[in-house]
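Participant: Model the placement of chain B on the given structure of chain A, informed by the hints.
Chains A and B, in that order, are what the protein sequence lines are.
If you count the first sequence from 1, position 324 lands on 324 in this note's numbering, and the numbers rise without skipping.
If you count the second sequence from 1, position 43 lands on 43 in this note's numbering, and the numbers rise without skipping.
No lab work stands behind these hints, which were simulated from the structure alone.
Treat the hints loosely; a few may be bogus.
Here are a few chain A residues that face chain B, going by a calculated C-beta distance under 10 Å [what the hints assert, rightly or not]:
1) Asp2
2) Ala14
3) Arg24
Below, a list of computed lysine to aspartate or glutamate pairs in the DMTMM-like style, where the Cα atoms sit at most 20 Å apart [what the hints assert, rightly or not]:
4) B/Lys167 to A/Asp2
5) A/Lys135 to A/Asp179
6) B/Lys83 to A/Asp9
7) A/Lys26 to B/Glu117
8) A/Lys26 to A/Asp9
9) A/Lys26 to B/Glu78
10) A/Lys272 to A/Asp254
11) A/Lys417 to A/Asp266
12) A/Lys195 to A/Glu234
13) B/Lys167 to A/Asp9
14) A/Lys26 to B/Glu12
15) A/Lys199 to A/Glu234
16) A/Lys26 to B/Asp15
17) A/Lys116 to A/Asp321
18) A/Lys26 to B/Asp32
19) A/Lys311 to A/Asp374
20) A/Lys26 to B/Glu20
21) A/Lys311 to A/Asp266
Predicted model, so just to flag it, every value in this text is computed and none were measured.
Glycine residues also receive a C-beta, built at the ideal position from the N, C-alpha and C atoms.
For reference, the chains in residue letters:
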Amino acid sequence: MDELQQVRDFYGPAAAPDTAVTARAKTRLFADEAAASARRPGLRWETRRRLVRIGVPAVAVGAAAAIVAAGLAQGPAASARPRVSAGGSSVGKSASIGVFRLPAGGSVGTASGSGKQILLTAAHNVVGVPTTTPKSYYVTPRVVGNFVRLGPKNDPYQFLETVNRAWWAARAPHGTTSDMEQEVSLKAATPADEKAWQKNGAPTVWAYMGQSEDIADPTSPDQSLNVPLSTGPEPWTALGAGSLGQQFQVGGEDLSFSQLLRLPADPAKLKKIIIDGGLPPGGNAVQYLLWTVPSVIEMPVTPAVRAALWKVLAALPGVQDQGTVTDVDGQQGQAISYTAGYKDCAMQPYVSGSYPEYLFSSCTIKQTVVIGSDGMPMAEELSYTKLPAGADWTVPGGLFSYETFQTPYWTNGNPPKAETPPNPVPSSTPVPPSSGSTGGQLLPGGSSGAGTSPAVVGIVGKDGKVEILKKGKNGVYELVPVKKS
Amino acid sequence: MLSADDPDRFGEIFDRYFPEIHGYVARRLGRDIADDVAADTFLAAFRARRQFNPARGTVRSWLYGITTNHLSAYHRQEIRACKAAAASAAVPARETAAESLADQVAARVDAGAARRELAGALAGLPRGDREVLLLVALGGLTHAEVAAALGIPYGTVGSRLNRARRKLRSLASVALSIGQEA
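Extracted from the complex, chain A is given alone in its bound form:
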């Protein structure tokens, strides 16, 4: 009898699930369907919960060089930077990663009255839409920035992760629409965060999602299990390419281009279309519309519809005028904001070596929409304005997530060549923190070897055990225990 049979015997046979349990679980799926469609459009920070790869900006070459100097191999043919590397405490004070800076006069304006006038001005300023010369794809490019918390639980630090995102909507009703994404850069949120990162040994890899025994594995197709920090922009990935049936998502509806052109230029009707099937039961309609409407304004709708969409927002209660502000890119625009309190805040991963958890039991979030002089949305920013006693968030202005909108366009070109993404393993149910579970501490990397990829890419220690991730036969990386001397 071998070990596997022994294990099977130990666990015994499987009993069939209770029919009531099965029925309940199945009912739950379909009851969830209406609400599920609501989660897709607006809750952008939630979609970023799956912290994938983190790129380091090109300016952080110093960090890469320091890591190489610390003993990690970088082959001569490595025109591209090594995808994964593990830094160590020996990198010490010389490690630098770049620090986020909010532009002077950054958009933390003070509310001064209802935002109605700004929105009506935006509606008036709406310019001609590129609907007249449609081509194969309508592209809406954006830059998404998320501040994520990394490092040890007792001394965490915040980094800004920047991602290029572009929705490539096919004009043909059955064309392939792609949601493209590219990790661009990583910066410390503040100089203090950079210091805390250095104190943590300037790591470049974080274990993630319960895979605490693992460190980043460069051959792993599923980057959601490990969070390697690479030293430059990553290739584009296509999220759900081929399986996205919809071209333009308006509230809960997936519309084709021709359907989009037939939207009514009537605020009340538009509001109903966007809310129906889109707003979760009990959801905050103001918050939802502020998230959703700007993305519809970006679509190739008629100028009249675009103007009517701004009027939808102008009629909402609680929307405030922020006046002229500077967005995170340093561009000026008129801004409106909406502030509300929430429970279980921070839908972004706390990478502690275990699994995601909520950062705060409650918070107050200010949602800001910056509008350009052409009547197009320029940026959306989310900031904490209030946190529970004892909680802290070091990013200037309480900023924790933003998107900047670039000018959308039609093209006959093709989406950027993408790596095939792995099947994401969702973790939709927030998992409570387990007490005292910590991942491996990153220890100084060592060894070196010639070749295009490092022979030893990292060293991880856990519970006093030390293992190295080593390139073995056939280019497969393996964790090899290191004997204590």
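Facilitator: Then chain B, alone, in the frame of chain A:
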């Protein structure tokens, strides 16, 4: 190949795999926890069904991957139960209606020292290795399916499995020698 995309087709996926996933979790953690974990797994899969890409693995391996993720919340509980079982003296057989996870594990170790050794050895495995071992031993997944489920390279599945088996062999030598005689 089932398409995970539309709700109706997903109903077929549910009918086909729910009992299997539930059984896998029930064997590891008992029926109560399996009720929750299996339901959560299918809800998460349903929500993410549009992202499922058949080119990257089967529906079955995808579901086991989600299950493994959800099981991480019970990781410590599972270890504690195994350790408790390993430390306990032989208890009377309790084949059915085990109330708690600890009871259930304890019931399994009634065969005596051999099984206690095995429980201890299982508790001592690194989580990544234990997941591979249990997906193969209990889930009956192939190496390729385990690789897809856990998002690890094919070669790593083999090395982890071998490492887990070696460890069981060394830590549970008593259990294995008794097993071989049986």
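Participant: Which numbered hints turn out to be false for this structure?
Facilitator: Of the numbered hints given earlier, those the structure breaks are 7, 8, 9, 11, 12 and 15, listed in rising order.
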